[in-house]
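Peer 1: Below, each chain spelled out in residue letters.
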Amino acid sequence: MKIAVTLLVAAATLAIPPLLSASQLTIYILIGVAAMATVGLSLLLGYAGQVSLGQASFTAIGGYTAALLAIHTGYPWLGLLAAPIAAAACAALIGVPILRLRGHQLAFATLALQLILLSVLDQASWAGGAIGLQGIPRLSFGSMVLDSDVAYAYLAWVGVALTMVVARNLVGSRTGRGLRALATSEIGAAASGVPVGGYRLLVFTVSAAFAGLAGGIYAFYVGYLSPGSFPVLLSIQYVVMAVVGGLGTIWGALLGTAVVTLLVQLLSTLATRPDMPDYAPAVLSYAVYAVLLVITALFLPRGLAGSAATRGRKADTWT
Amino acid sequence: MGALLQYLVTGVGIGCGYALVGSGLVVIHRVTRVVNFAQGAFAVVAALTVSTLLTAGLPHGAAESLAVLLAGVVGLITGAVAIGRPGTTPQAALVVTLGLGVFAYAVEILAWGDQPRSFGGVPGSVPLGDARLQSHYLLIIGVTAVVLAGLALLFARTDVGRALTATAANPYAARVVGIGVTRMGLIAFALGGMLGGLAGVLLTPVHQVSFDSDVVLVVNGFAAAILGNLSRPVLTLVGGLLLGVVEVLVAGYLNSSYQTEVALVFMLAVLIVRAGRHPAAVEAS
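Going line by line, the protein sequences match chains A and B.
In this text, residue positions in the first sequence follow the working numbering: the first is 1398, and each later residue adds one.
In this text, residue positions in the second sequence follow the working numbering: the first is 320, and each later residue adds one.
By construction, these hints were calculated from the structure, which means they are not laboratory data.
There could be a bad hint or two in this list.
[Claimed, not checked] Looking from chain A toward chain B, a few residues come up when the C-beta cut is under 10 Å (computed):
| # | residue |
| --- | --- |
| 1 | 1417 |
| 2 | 1506 |
| 3 | 1640 |
Glycine included, each C-beta is placed from N, C-alpha and C at the ideal position.
Using the sequences and the hints, build the whole thing.
Peer 2: See below:
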């Protein structure tokens, strides 16, 4: 049953891109990019119980790594390969001290790290400073150049599929059970022999790698990057998507990303009509994020996917 | 020597602003156990309101007072949404305040646009030796001293203050002796709103404010408050002053582009050292 649904969703999402208009294709790709980062954040929030308000820092690290390598080496695929690795390496390094923190302290610490990263990027002449990096070459493998939006849509699809498979296997493994135990009670998990520190670091690193991959694909798709591409609000946006979809559910992350992005896009299409003031799209998107976050936190603590699953059958469906 | 004195006064002035934001966080966290991410938004709303009221012709003083009161109302509304529904956990309330902070962006852009704003403070400066101390920083320091002293008296000497302290110490026991715990939480949020609003009103003449200034304000306020683990007002003041002075000295003697990093790294260091010292102190609240 579950396999059938998965295959159906996979087939449907694979069939869509050629049918979409240019602007719809952009939305499709942006959903894919955001979904990768959100799947990672959902793992971190839902399974390891760690709040991060700095997920976009790893998207930025991935994006800048991919762009700089593509520009300086001339092998864009090397950049794409290095993006998740660089993000994961940074997370593993920073995670050792930072993951001693819990709850709101970790939330503020990750937020602070993102502010530091943005400030460093703003002044780094090697990264283009506040203006950013322009003219990032399109992604190519040998002589095959990805220059159509449909190609990037499929690249994003592959990225999302990859993150979901990795997340699924991580969650279903012995490690995943340990993570679930430590999210419920850290002391209890430690007493039962779960290597708490190591698992927390692992899930933090994996979640950063997903965001890094998202950043890499985003860099090649958009073609330019600046510190302004990765504002604090992007991190909050990932939190909104993960919370709305349902924490700790992999499908929920995808669902949340799609629902939030489509809703914001729909409203901004309405808001960009000529009779609306020019600040309307920004106001509407902030309002949508805020209202969705508040309502979900108050009334749907398990998110869309979680609540639907409970309604279907009373079993504890975490995956 | 004159330069150092000037830097110190500037740093203490800015630090007082951080301490006010931090005190708001402390008041709310002590009573409700909620870490209020919307704390920076209170400051921004108050500051933007003052700019409108001054343009409308209201005199200084009246405009600032009205804006601080408005921030208190905003705080009350935030509290009502965050803790008004029975059974909302502090974690859920934290996410709610994060959402309300983003909602404030929408309202602020709608009302004031997305350009930064500022307004005049106390003009002139006071000579002291060979230094000239800007009057506005002295005003910030004076007002903060009076307000924080008043807050200490409120908590120690009035019935409301004692009820707030009782709720902070043990909500269950407070309820048993007839204190409305939710009402106390709402009072704490209103107080927090006014403290945040005051910070915004005082800091804006020396540092212009735009709708997204709240992130920096709340992070600095949190950094100040974390020295006292979000529950010790005096340590929050010390933290704020330390942060402000370090920031200004780094900007003055090293490089102004590093001042944010220094403050944030300082906060991270305090957090991590503290967590290392009490490894068993798993965040229970």
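Peer 1: Could you tell me which of the numbered hints above are not met by this structure, giving the numbers in increasing order?
Peer 2: Structure breaks hint 1 only.
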